[in-house]
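Residue numbers (numbering that gives the first Met the number 0), protein chains in the order written: chain A, 0 to 150; chain B, 0 to 795.
Take the hints with a grain of salt, since some may be wrong.
[To be verified] Distance ranges between label pairs, derived from CB positions: (1) B:S32 with A:G101: 34 to 40 angstroms; (2) A:P60 with B:D113: 33 to 39 angstroms; (3) A:R92 with B:K463: 54 to 60 angstroms; (4) B:L512 with A:A107: 50 to 56 angstroms; (5) B:K190 with A:A107: 27 to 33 angstroms; (6) B:S35 with A:E31: 48 to 54 angstroms.
[Said to hold, decoys possible] Counterexamples of contact, computed for chain A against chain B with all Cβ distances above 12 angstroms: (7) M0; (8) T1; (9) S14; (10) A27; (11) D28; (12) P29; (13) G38; (14) K108; (15) A117; (16) A120; (17) A121; (18) A124.
[To be verified] Some but not every residue of chain B turned toward chain A, in silico, with C-beta under 8 angstroms: (19) N3; (20) R6; (21) A150; (22) L179; (23) D183.
If you're looking for bench data, these hints aren't it; they were derived computationally from the structure. Positions of the beta carbon are idealized from the N, C-alpha and C atoms, including for glycine.
Here are the chains, one letter per residue:
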Amino acid sequence: MTRILVVEDSSAMRSYVRAVLEDSTDLADPIEVVDAASGFDAMRLLPRGAYDLVITDINMPDINGLELIKFVRGSEHHRDIAVLIISTQASERDRARGLALGADLFLAKPFTPEALLAAVAASLAARSGHTQHDSGGGGHERGAPNGEERR
Amino acid sequence: MAENLDRAREEFFSEAQEIIEGLGRDLLALDESQRSGRVDPDLINDIFRAVHTLKGVAGIFGANRMSALSHELENLLDNLRLGRAELSPSVLVVLFRSVELYGRILQVEKEGRDNPIPEFDDLLRQLAASTRGGPSPSSPGQYELDPSLLAVLTEYEEHRLRTNIAQGLTLYRLRVQFQLATIDNALDELKVTAKPYGEIITYLPTGAGADAESIELDILMASRSPIADLSSALSPSGVEIEEIPRRVAPETTPRPSTPPAPSPAEIHHAPPTTSASGGMSALASSPPQDPSPIKVEPPKAEIGTIKSVAQTVRVDIHKLDRLMNIVGELAIVCTSLGRIVEDLRATRADRELASNLHRLQRMFDRQLDSMQQGILEVRMVPLGQVFDRLARVVRQISREADKMVNLVITGSETEVDKLIVEELSDPLMHMMRNAIDHGIERREERQAVGKPAVGTIALNAYQKGNHVVIEIQDDGRGIATERLIEAAIRRGIVTADEARLVSKREILNFVFLPGVTTKAEVSSLSGRGVGMDVVKTNISKLGGVIDLQSESGIGTKVTITLPITLAIISALIVRIADRLFAIPLANVQEAIVLDEMTVRVIDGREVVTLRGSTLQLCYLARLFGLNPSMRMPNVSPSGGVSRALDAPNPRGGYGGPGGYNAPGGYGAGGGYGSSGGIGAMPQSPGRDMVRKEARTVFDSRRQNQSMRISLARQYIVVTAVGSQRLGLVVDTLIGEQDVVIKALGASLKDVRGFAGATELGDQRLALVLDTPALIEEMHAGADRARPAADPRGAHG
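Construct the complete structure from the given sequences, taking the supplied hints into account.
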């Protein structure tokens, strides 16, 4: 089971991402999607979810996507979660910052269902590579401090 | 997959609609602030974000025009919010037009059409032209900002940070801890408190927190206020405040390197009291790397703590329709139950059982009423939704027409059925255009006649019984009746001779005829091919009435009266021959006994005189081609009639000679929302009145028995739409019932004269008369030659 947190202030976009992911037969694991309508919502949900992937928008009120990425990467519990940015192509700088902060992939809106699925698979693969590498080097293992979190 | 995506698509439409409405409101606020010269950067950013969201979703759902428009608009707004372009009145015009265009595009997308939208390309060109902004005024590099701080700022936040620094504001870090469960409210409060002191640039979660239930935030704020002021304002909310010292790059000194002090208020106070100083780096880089042990606790079991953020849900109105239909079916079950109870009581079988059942059935009935009421309430939305849009249009049109107009809106909280609000938007929009384009005079013209230079349009809404009244009143030049007459003669609607005899009211009503206009030239504003005739048709479709008053030189007032809901109506059930019909009570004024002796024929029309005025009659049996020999005996003790008559008559002092009066009766007494209103079928005062009416009629029948005995008596149901009345001649009055109207099937939907069909229970069907259409048709003189629909088809 792959658990995905979708952080996006547009409900239509959330519904779309959910529809594409939940109905997909291409991904190896069954997928469970949880929605967050804001950065704060995401922070509320993160400690309870044992997520494998966070898909986030950049331009959101209050806590923007960049801050969320920084929070995820800076957090002991969440730092190994894969992060996929979905945002419009327009602001090149925001995109570069997101990747610099440790996002795994950037997907420009608008995107097709196929592109989303490919990006999700790629982000997950990138992260699991990371983790293997990390654990091989004696680093952190995903969710190691509290293994029961990932049920 | 398709189903999920369809749902997402539905979501897209409603979200886009919401965003576009929000955009309209924000633009109005922006317009205000631009005039007063104080533009709130947050507002521009909100607008940008809305457009940004639209662009994203429009692209996903293949709404290409919306996506293209958003793209251009986003560029323009980005320049505005990043200070690369200035918010000028001409830019505002483009923005207003864009929001209008969004509305139209959304409509086209919803209907799945691919119609060309003429102004689309034009506006896109304009947008592209106005997008060419200059370079950002605050070129980066002047200030040495901590890179780790910059790393999490979006482009916009960075811009705001630079702008504030450039203007000499001081940066503060507010550290605050929130409970995750209540963060939304707490944060809103903090925003409100902080707003007067400056601008919040961003919120950074520090990654630290006392436990899993709370979160610590660093809030970056720019302010002109000394730290003491901020402190006294914000400390009560548990905020720790720290000043972030400015670090100006040594080689470029556009400002003094010491904190700038153009005014005493800006003199910096003593360095921050908190020890954790260290400039921006302390702010931005410390928390995540902070080695201070965070208490790691395995999360507790997921006990109902993931609360929903929003307190509202969006519901597809068709779902409510389905619910309403179910309630309608249940009401039928309830009525049937009631009949069984009656029968049971009549047989005296088991009194206790019967009265228990009776009580249960009553309770069922009441709960059903509350449910119906509840669903109706859910469908209600404030008229403000449309009024907001109108306010925008007024601004836009008055700009384009170069007229000064002040729109005064009252009663925007008045609630109406969602479907009605939707359908109202176009007609109201059109009338607004008319008022500005044809009504309000040019400034010079107004001043010449001693009117204030700024014209006023009053948009007023209020509830009146089961109706909502919307008035649009302008203080313009009024409608030129001479021109209307000329136009009517030109179109062959009246002859020159007839024109001399028509009343002013009738003349004004010419406005509602197709092709009649007082304007010789068609304006680009109002002349979009929709006339007042279309407005009237649209309003009539909603069961509404439109009325016009106008005084030359003083102004015009349009009054629209609408039912509150379309889902369910109170109807007077009547019998004609062997058929049942429902007449919407909204159109019923009174019911009287028909005395054939008093019927006269004037101009080939049958009329009676009712309290001094002439009432045209319409014999429905004849109109529908029903066989009068099928007429039921009126006083059959087994029919619905007798049951209606058996109803208790708690109210005495019943006024009027054999008639009840709708305004008092249904307006105040049966008022929606009071005493159960629409939903309270059995208790509704309106219904009692009809019962009483039936009784009164029958009483008078007994009194008059000597005069006309042989023929079964007939009744006149006096109906009215606006100022026009028509007496419908029917055989029997059965009683009032709240009915759920079901549309006639596709093959019958073009049949005029019927608004739909309804089930009365007991598997009896009734056609619902479309009273406005009937009245219109009869007054147009088509009485005799009507290609009658055969209502018998719908029975059985």
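Query raised in the report: Which hints, by number, does the structure contradict?
Result: Those not satisfied are hints 9, 13 and 14.
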